[in-house]
Every structure is written in structure tokens, then in C-alpha cells.
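Participant: Please construct the entire structure, taking both the sequences and the accompanying hints into account.
Note that the protein sequences, when read in sequence, are chains A and B. Going by our numbering, the residue at position 252 of the first sequence is 252; the numbering climbs one at a time, nothing skipped. Every position in the second sequence, counted from 1, becomes a number in our numbering once 1000 is added.
Possibly wrong hints are sitting among the right ones.
Just the calculated beta-carbon pair ranges, DEER-fashion [claimed, not checked]:
{"no.": "1", "chain 1": "A", "residue 1": "VAL185", "chain 2": "B", "residue 2": "TRP1056", "range": "19 to 27 Å"}
{"no.": "2", "chain 1": "B", "residue 1": "VAL1286", "chain 2": "A", "residue 2": "PRO123", "range": "34 to 42 Å"}
{"no.": "3", "chain 1": "A", "residue 1": "VAL185", "chain 2": "B", "residue 2": "ALA1266", "range": "34 to 42 Å"}
It is worth saying that the hints were derived from the structure and are not from the lab. C-beta atoms are modelled at their ideal positions from N, C-alpha and C, and glycine is treated no differently.
Single-letter residue listing:
There are 2 protein chains.
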Amino acid sequence: MNGGPQLRFDPLVREWVNVVGHRQQRPNLPAEGCPFCPGGLEAPEPYDVRWFPNRWPALRPGPPVDVAAAEAAGTPALPAAGAAEVVLFAPRHDASLATLGTAQVRKVVDLWAQRTAALLARPEVEYVLVFENRGRDVGATIDHPHGQIYGYPFVPPVPAKEAAVARAHGCPVCAEVAAEVAAGVRVVARHGDWVAYVPYASGYPYGMRFAPVHHAGSLADLDDAGRDALAALLVDALGRYDRLWPAPHPGYLFPYLLWFHQAPAAGGPEWHVHAHTAPPLRAPGVARYVASGELGSGTLSNPVVPEEAARALRDA
Amino acid sequence: MNGGPQLRFDPLVREWVNVVGHRQQRPNLPAEGCPFCPGGLEAPEPYDVRWFPNRWPALRPGPPVDVAAAEAAGTPALPAAGAAEVVLFAPRHDASLATLGTAQVRKVVDLWAQRTAALLARPEVEYVLVFENRGRDVGATIDHPHGQIYGYPFVPPVPAKEAAVARAHGCPVCAEVAAEVAAGVRVVARHGDWVAYVPYASGYPYGMRFAPVHHAGSLADLDDAGRDALAALLVDALGRYDRLWPAPHPGYLFPYLLWFHQAPAAGGPEWHVHAHTAPPLRAPGVARYVASGELGSGTLSNPVVPEEAARALRDA
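Facilitator: Here it is in C-alpha cells:
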């Protein structure tokens, strides 16, 4: 196990779990200075946007693993082949996607798209998850604006479920975005093709989805106008989180999770790129715990009515 | 929405989300005194073990709802018909499942079994989830030893997935328990028919599963010997959490989630009763965050190697 991350098969649900014992030793806080500022440990030279491999990778480059064959053969463990990268959004420490401005965030979108394409071209990567964990309340230990990218050797269960639904019932993102635009009441912002809305059945307080009205598979598939629209939407919609409640102290970062779902290496018309956001709070300073009732069932309980969340975000 | 909890259909994954706006107003901490101590708000009279309806129910009694028909018809919302109950494990405030002793915990097991059968007999309840959220770190606001029970109008996604696997591949719990007993290295404790082990592909640091070696569908199906064994196992295995690390302060409760999966009202030979536990820590005082990489993918990353977790729990 000291050799690195290991995928282990859970026979109760026939899904893989990543056992990452080597990550237990990682520091909770960097020892000195910000490693992401220019001149820091992970950014020795000046940069505008930047990516680099995670020093404590949950998945890492290596020979391709055949997950389907392993499942069929009853193989219980595989090396966690894939990728884990860090993306720096800007050299400025005291900033965020919402404050960097559309032009800089467009560069971030371009880098996400570039890394998506580059990782999907590797034989060991089938799926690319672009995400941001922001704020101390979700475990982010470094405030410098940054996100992460995981490359998986399989399509993970959550996007796989969305794709299976799309194959069986038609694209649910196309239908949902159209319905939300028509209803209006849960729409938070729109820029060009991209819409931010609190979904009708949001499982997370103040959780939003970001999606383009027109069907597009992945970040890499977005054209210039689509990338500009996404950048403008991120600045607009994420900025509303920062204005939703009074900051409890200077330098406070409203915490949220943000992840994109997009097409895998195999492609397919059922994929419609979109993002989910999930703040870990249900009121100022009040954590929303996902506990046994939700983890044990898989059915989320959201104490913030989506229409009220959308109104508060529109008003912010 | 002020009328009560509402199930809303999420078309992206075709699963239901419970919107519980009325719960947003619930107090985070009780105003005065422990409501669960004898003479308190929720326990006005002496008791040994006790259950009562949750004052802020996530699911509540009402006419049955037909979830499958609603999905087929495209009905987006239904009343969250079901049940939400609180179970008091003992009158003593300063206690827990681990310290109450096997005889008292046996009474808890009996009450769980009784409420399972009683709720499954209601027309609006198809599935019963018995669980405990323990400790401030998982959001429990009252230290008095207690758990909860949810009754759902459908089989929720997580137990439904386990049952689908069992129907397609044979009982995975039977196979896993037998394999873990044979391997030994991840077994934490055994009492009679019931075994506590850290599963090979545990998604949670120090997470355990509790299951009987012999196939049994639900808590209500357990005979006297099975209930005694489960009670003894709970005292033994959960007590190891309290001894795993030094308590940071007097009265500290090592935090964990505990939930049981068991057969629904419709029954079926594919169900094998068992429990999952999930502590929210990966080291003393160090939270294990489930963030975007895991929520966005559905693939958990566990930084504590299961064999090491099992050894630490055996040694505790």
C-alpha cells in the first residue's frame, strides 16, 4: 500500500473505492508561505494560470487498468491509474474566481479545456473531473485561488448515472435548462448560452447548476463564445455566494464545492457539460451536515427551499 | 412548502430529493435542559427505552404516495410520506451504546426491531432506515444517547443498489462476511453470529460493517440469539471508537455515523441485514472532508488503509 493509491472493489454495490494511505501523511497546512504564490514551492516562476501534478495524488499516471475486465474476473484491487492535478487560477493570492474578472477566468476555462483534452488523450484516463474545493469549511487548506482535476480510469458512478439516464430518457440537462429558463423562478444568472439556476430538486442548500442551453459534450467542445459565457457566468454566480451573507471576518471565503460533469474519452451524444455547486452551510455559520439519514439512504434532505435559495442569490 | 416536507424528482439522476424547508427553523441546540432526560420535553415520564415522533420530521405520516407511478407520469413532486422517529437508548444522559451494557442495548435492538415491523406495516412506508448520528462533529446537538428511524415511501437508492447487486450476483453480504472471517486481518470483533469488520474496500476511515454470518433479512427477523449477539457486538465494536484515541476533553463523544440496511416491506431473499459505520475523522482532531472529488464522482477516497484501521480498532 505504500506504493501508492489503490482501487479496491466494494462487492456490496459493485463500485470502486480509492484507498489512498499515502495521503494520510500529507500536511494539513503548508509549513511556510503560500506554495501557490509566484516563487512558492509549487510555482517557482511567474505565471498567469498554471497547472501541475498534485504532490499527493489520489490517482496517478501509470499503465492503463481494465476496470471492466477486473470486475468480470473478480479482481479485487487495481493500481489507481489516472491523474491528479492542481490548477492555479491567478498569481494573486487574495482573489477568487468571482473577483478575477471574466478575462482571467476565461484563461482558467481554457486551461480546464486544455487539460481535459490532454488527460483524455492518455491511455489510462477515461474520465476527467474538473473541480474546486473552496474555503476552510470544505477542507481547503490554501486560500490562494486554485482548483483540481482528477483523471479516472473509468467513468465514475455519478456521471455514469447521469449518462445512463440520458441514454434511456433523452438529455435531462437540455430538458432541465429549458424548463428552468421557461419557469424563471429558480434562475440566478445567464450569460450567453450559459445559465445558472437552483435546480427544482436541489439536494444542497444554495446549490446551483451551471449549464449551456445548447447541447455540448465537454469543456473542450466549447467554442469561444461558450467559453466567454461560462467565464462570465462563473464570475457572476459565484460572486453571489460572497455577497449572500455578511462575512464573519476579513479574508473569509464563502465555502463551496464546484465540479463539472462532461463527456469521457469514449464520447457519446448523451453527454451535456454542466457544473454542480454545493455549499456546506444552510445558514450563516450553520453547517449542513450530510449524516446517516442521507448517506445511508442516498436520498438528500435539503432544508433550503430551492425557490427561496434562488431569490436570495438573485438579490445578492 | 410550509405544508411540510416534499419529495422532488431530480431528472438528471432520476432520484428523489427531500425538500424540508420547515426544518430550517429548527433550533440548533435545545433552549434549556436535555429534552431526552426523564422529565424533559420529549420524555415527560420515566422510561427504559423510548421512541417518539420527530418534532421536525423529514418524512411524516400521510396517505401513501406511488413513487413509481409518479416517475412514469413525470410528476415532479410528492408529499414526503413516511416516518421520522427518535429512539432513546436509556434514561441516563451520560452514556452511549458502548457503555450501556449488552442487556440494555438488547432492549434497544428489540425496540428497533419493533419499530421496523410497525412502520413497515403502515401503507405509506416501504423502507425503514435505523440510524445513529453521534457526536457534535456529525451535527448531533444532543449528547443524550439516542438514534433515529426514517420510514421512506420507496426503497432509497443506496439499499436499492445493494439489493440489485444481490439479485444479479448472489448475496454480497454473505460472501463478504465469509471472506472477511476467513481472512481475519480486517475482523474487529465477533459475538455469536455477528461480525464487525473493516471492509476490504472501506470508503470511510475506520468505517466498519456489522453483519450476521447467517443470512437474515431484517432486524425484525433476528431471533433471541441474534439480537443478543448484535447487542454484544455494538457494545464491543463501538466501544473501540471511544478507546481509539485519547479524548480531547471530558465528556467528548467520538463521532460516528451508524446505519442499518434491511429488507423493505416487500421483503425478498436478496436482503441481508447489516450496519455501516462512518466516523468523520481520519486522525485525532483531523476531519476527513468528503468534497468535490468524491461527491462529484461518487468514488470515495479513503486515506486510512483498512487493514491498519482494523488493527488499531482490535488493539483499542
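Participant: Compare the structure with each hint and give your call.
Facilitator: For each hint, the structure was consulted:
1. Checking the proposed 19 to 27 Å range against VAL185(A) and TRP1056(B) shows it holds: the Cβ atoms sit about 26 Å from each other.
2. Between VAL1286(B) and PRO123(A) the C-beta distance comes to about 36 Å, which sits within the given range of 34 to 42 Å.
3. At roughly 38 Å, the beta-carbon separation of VAL185(A) and ALA1266(B) lies within the given 34 to 42 Å, and the hint holds.
The structure fails none of the hints (numbered hints given earlier).
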